[in-house]
Amino acid sequence: MITLIIDGKYVEVPEGATVLEAAREADIYIPTLCDDPRLEPFGACRLCLVQIKGMPRPVTACTTPAREGMEVTTTNDEIERIRRTIVELLLSDHPNDCMVCEKAGDCTLQELAYFYGLRENRFWGERRQYSKKDNNPFIERDMEKCVLCGKCVRVCEEVQGVSAIDFAYRGFRTIVAPAFEKDLNCEFCGQCVSVCPTGALVGKLSLGKGRQKDIKRVDTICPYCGCGCNITLHVSRNEIIRVTSSPDTLNEGWLCVKGRFGFKFVNHPDRLKRPLIRKNGRFEEVCWDEALDYVAERLKEIKERYGPDAIAGLSSARCTNEENYLFQKFMRAAVGTNNVDHCARY
Amino acid sequence: MTNSIQEIEDNDLIFVIGSNTKENHPIVALRMIKAVRRGARLIVADPRRVPLVRFAHLWLQHRPGTDVALLNSMMHVILKEELYDKEFIVMMTEGFNEEFRTNLEEYPPEVGEKITGVPKEKIVQAARMYATAEKAGIYYTMGITQHSHGSDNVFSIANLALMTGNLGKASAGVNPLRGQNNVQGSTDMGCSPNMYPGYQRVDIPAVREKFERLWGVRLSDRIGLTASEMTFEAEAGRLKAMYIMGENPVLSDPDVGHTVKALKALDFLVVQDIFMTETAELADVVLPGACFAEKDGTFTNTERRVQRVRRAVSPPGEAREDSWIIAELSKRMGYEMTYNTIEEVFQEIGMAWPAMAGMTYSRLERGGLQWPCPTTDHPGTRYLFKGGFPRGKARFTVVKYRPPAEEPDEEYPFVLTTGRMLFQYHTGTMTRRVPPIEVVAGEPYVEIHPDDALALGIKEGQKVKVVSRRGEVVVRARVTSRPDRGVVFIPFHYREAAANVLTSSLNLDPLCKIPELKVASVRLEPIE
Amino acid sequence: MKGKDIQIKVCMGTGGLAAGGETVLRAFRESLKEKGIDATVDRNCSIHQVGCRGFCARDVLVDVIIDGEKTTYQYIKPEMVPQIVEEHIIKGMPVEEWTVKDDYRQFHEKQVKVVLADCGEIDPEEIDSYIDRGGYEALRRALTEMTPEQIVNTIEASGLRGRGGAGFPTGLKWEYARKNPSEVKYIICNADEGDPGAFMDRSIIEGNPHSVIEGMIIGAYAIGAKKGYVYIRAEYPLAVKRLGIALEQARQRGFLGDDILGSGFSFDIKIKLGAGAFVCGEETALIASIEGKRGMPRAKPPFPVEKGLWGKPTVINNVETLANVPYIIRNGALWFAQYGTDKSKGTKVFALTGKVRNTGLIEVPMGITLREIIYEIGGGIEGDRRLKAVQTGGPSGGCIPAHLIDIPVDYENLTKVGSIVGSGGMVVMDETDCMVNIAKYFLEFTQAESCGKCVPCRIGTKRLLEILTRITEGRGRPGDIELLEVLSNDIKLGSLCGLGQTAPNPVLSTIKYFRDEYEAHIHEKRCPAGVCKNLLTYTILEEFCKGCTLCAKVCPAGAIVGERKQPHRIVQEICIKCGACFETCKFSAIKKG
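Chains as they are written, first to last, in our numbering: chain A, 43 to 388; chain B, 60 to 587; chain C, 5 to 597.
Only chain A is shown next, with the shape it has when bound in the complex:
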């Protein structure tokens, strides 16, 4: 462990920790746009500049390793001035259309603008223009809102191992783009969407479906494969409009295309809404009592005639433990057979 002093406070962190991590350890806020603890430090947004005693110029906390005895100042007039300039520069090249932006209320840039009280801008000038509309069904990309923090590029390479996107062009014209600026053709895991601090990358499914403040968030588990990823369902008007995942979960906030974007089946019109009984070869909608009575009656009849082992049940890996437990209990205790299995073999 090493000890350093941040804003006069002694902080102990393990060897290899960065100054930013140390500051967070001590609950000292340093603004960032490009940092994500799950990704390699990048040092692009420059908001986390801090002054370290003995160093000739401010350095980025996210890339600087903490050293024994280091004295760090996270805020002073000069640092705040530079941070303010940076945010102002970003806003001078931003559509500033928060009133219609999907990300409003959950946008780091918006927060920073609020934090620094930026309404006027000394640097108004040319703005990047981006009119390309991607046809892919999952991810909306608006490079005018991109702050080039590189999180999407890094997550795609470092975490997902796909490298579907990278920076293209130089200087003011720099954008993030798929190869040859074609449409995205990737695994559509949406990891990029999940790390984007602004509205540059948003899921198409959630567009216009609900403001952050109106959303109910429910933590649950993904219904697809056996990884057991923790997901958060964003619900608005009894409809799931978005799925996210928190970084402090076993899946570290990462999801796959199914987990992140595969939730539309929930309110699909094809959902079965009423019990059905086949009458004269055709299904007819019936009420629950009729359906349940009919099933119970038929099962009892068969059990009486052929014995309980003439009945079998297949349970589901889709269902919860409790339901599976009840199902086998039903087969064993109510029907009286061990003819119960599920799909583990397929």
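Take the hints with a grain of salt, since some may be wrong.
Simulated crosslink set (EDC-like; lysine to aspartate or glutamate; CA at most 16 Å straight-line) [said to hold, decoys possible]: (1) Lys342(A) x Asp326(B); (2) Lys304(C) x Glu122(A); (3) Lys297(C) x Glu200(A); (4) Lys93(B) x Asp148(A); (5) Lys306(A) x Glu395(B); (6) Lys496(C) x Glu122(A); (7) Lys105(C) x Glu380(C); (8) Lys246(A) x Glu395(B); (9) Lys315(A) x Glu353(B); (10) Lys321(A) x Glu340(B); (11) Lys496(C) x Glu120(A); (12) Lys390(B) x Asp139(A); (13) Lys321(A) x Glu353(B); (14) Lys258(A) x Glu340(B); (15) Lys321(A) x Glu497(B); (16) Lys390(B) x Asp176(A); (17) Lys390(B) x Glu168(A); (18) Lys342(A) x Glu395(B).
Read the hints as simulated data drawn from the structure, not as lab findings.
Guided by the hints, dock chains B and C onto chain A, whose structure is given.
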């Protein structure tokens, strides 16, 4: 999994066999990629160039169904070069005897190469890489199990891990990756014909008596039918009624024609699901259930982690939670199930199975718990067999290579292997109703090697008839070097070209009754 | 018995080639063949291509050396060759009319050639001509007589500092790398010379590639690297070609490859072509580029000597730095340290350009004054106009005003006045140069070359440029100067790499020394140097106009009206401010301002 997902990132070596992890367990794959970035070595053994191969240091492209030969051959090298963990074998295992070693004698790398098609140098390299790693974990899925000798495959994997002492410690182990959100839980909960919840055998009287006390009812001592046996029994007319909850065997089981015939032969079929599945269409009664987002409860993931599922929206129309439906049916059958809350069911599970006795909903609130978790102050178990095995010593099993039940011949010259792809899920009941997924992956296909395609005059995107002894499907060709020559692949998600029309339901593993879905013989006929 | 050899050396550097060096060389070859020269003069007469000798403005430069006596011809064209052969080579009478004059000697007088000593003397495509002049002697000595530690000590004692711009002590850098226990290390030669108007590294590689290679091998041996890269821009095809030839010849002679000179030390060099991104001169971006990634800098630490190419310790030295190494090893640290100032030792190569009479490549001892460079080597300002400023260090540097030209040129002093030595660009400016426009010019460059990674550089330089542009277009606002200063300082402090950290230097130094020019632009909407078109008006002074109509004839816009022999008038609405009339008027009757 004997070990945990999180531990993967500290593995020194990752041996993936019969698992297309990047597509089918994407998040587990991310941990593997992370481990590789941190310096772990990765071996992938798969007949296809699956996406994970891109990150692998070594890729063993063995022929479908030759896993035992590959593994035995690796163990042969480990034995010959004395790379095995002598201390672990003495202390923790039994059966590492003459018979076991003599059996391995028969699989020198030359023989391995002949059977598997993997160059012997690579077999030797893989053996050395695996055996010399400090912490080596094996990961597998249906590529190992869905064979007529799936149990043998699993025994071989266990042998390999035992030989090198890679069990009972962190970041190692034998790790089957479960393919469905709660397939682990379904098994844990006793949805199997021979086990009560918690792997307690129905044919042991003391166990049965315990459950009779718990449930207040007399229980059958007869081991029940497995899913595949149910199909046969139904077809034979001995099974009269089935209650299928949230399953779609018509698409997921081998030999669709056979499954449909069997289900039609039933006197009474009840299907409880959220959509009108291919199976539900055959039912007498269809009961509308609730999906994951509409109910409370728990799922158990592949690493034995029990986690909370929470209700976010209400079910459509009159659809009801499955637990309600079951309890109502039970009542009408004359057996009352009275629970005030779903958590009461969970508490009863804890009574039935000590490994979950220490869990409560409030303890699961954040992050869940991994069983065994016997007491309320137990932190859960990250990896199994620390300090020993439940049966005392772990046992080596002598495994001999047996070829797949169906091998290619003149009439059916190709090996068909089936599986999933990234975008779709299982029988597609859910994903095929997600419009954006249908945009990018809406059509079935058959992967065929360019050389084979050329020989057959098949072009990319061309429609092809794939024919087996069971049936035929028409799909578009995807000409790619992902499969080897002589091997074709079809994902089984699509009802319009169900891969399981082609597979066989006859070739079951003798022990587990798992069908050979990963190997079938087919021929391809270009259309137009 | 035959007499001594006759040698003809034709400049085939980029300057020489552009002036027709190849045709001149061919003309000599043909002419000599025609005359059957060897028989005629009874001597062995050989023709050589050589690299740049600095005074590119005089190309094609040709040396004729007879009996060790060198005569240099300037501005040679192929048609002049037969006469030189006939009169000089055969008859021994130099063609005086075409030989270089005093100004050529003056150009060289104050120069001290260390790195360029063999440039222009040897055939860069022929290893023997380098070896004949002592080449690879230093390598032999290093490998057979010196330990890596001794080499590092020698370089440290010489005081050699990085010639790429930052001036980091080379010996120290090598020492860090040498001490690193890693088994794998790399040495990279940074030949990604990107400053506009700079051609120092290019000329060295084109003129004497072996000196760079020898320096690299010695460096590799000193730090323990087995593999080296030369990262060179693809826009330097001649340098790439000659480097490739030189590497191949060095391999054939056993200077590269396994077990070099039987020492047991093995090393080889690979050429890596850059795609012309200025930022790839920044070492971490350069490393990323070699690794096949986008050339974007990353934060330091870790420095490349700790974690560089493929994560291994890596020394990156500039071309000129490495080219110095063989000469230091051969002649000793003290010999090198005799040149220069207390903290800046040795010589520095500059690309002298701009409004100076003699432009070209020069090598001067550190500590020489700007005045000596401009007025003695450079021969003063063109047209005897007034010197206004000297811009050094390229886009990262600053403008030094005329009143400071007596400061010695070294790392410390140039930094003190707000500029840098940089890689060696030196642009001389006179009273016809607008300093706001100069700043704008450099910002156009840097903002376009910013890699786009960090915000201050990507957007900040763009905004600087926008403000400068509006000032030069007469749309400057009160407060713009202060805004430029504030933003410049924030960019300097906030940027990730050297590009952004230095990009505002041209702005800050011009504001510092020429604030009045900025103010004139903003407040009076006037460009004092008469450069910024939007702020210019051309008017005809009636009292001087003779009505000769010349101006009206050259005006491309037809903006000048008037009767012959009557004073003319410029219609301002039509005038495009091209200045053609101003240049043409013989009576100074046109006023610009």
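Verification of the hints:
no., hint, in the structure
1, Lys342(A) x Asp326(B), "holds, 13 Å"
2, Lys304(C) x Glu122(A), "violated, 22 Å"
3, Lys297(C) x Glu200(A), "holds, 13 Å"
4, Lys93(B) x Asp148(A), "violated, 28 Å"
5, Lys306(A) x Glu395(B), "violated, 36 Å"
6, Lys496(C) x Glu122(A), "holds, 15 Å"
7, Lys105(C) x Glu380(C), "holds, 14 Å"
8, Lys246(A) x Glu395(B), "violated, 47 Å"
9, Lys315(A) x Glu353(B), "holds, 13 Å"
10, Lys321(A) x Glu340(B), "holds, 13 Å"
11, Lys496(C) x Glu120(A), "holds, 12 Å"
12, Lys390(B) x Asp139(A), "violated, 58 Å"
13, Lys321(A) x Glu353(B), "violated, 29 Å"
14, Lys258(A) x Glu340(B), "violated, 36 Å"
15, Lys321(A) x Glu497(B), "violated, 34 Å"
16, Lys390(B) x Asp176(A), "violated, 55 Å"
17, Lys390(B) x Glu168(A), "violated, 72 Å"
18, Lys342(A) x Glu395(B), "holds, 15 Å"
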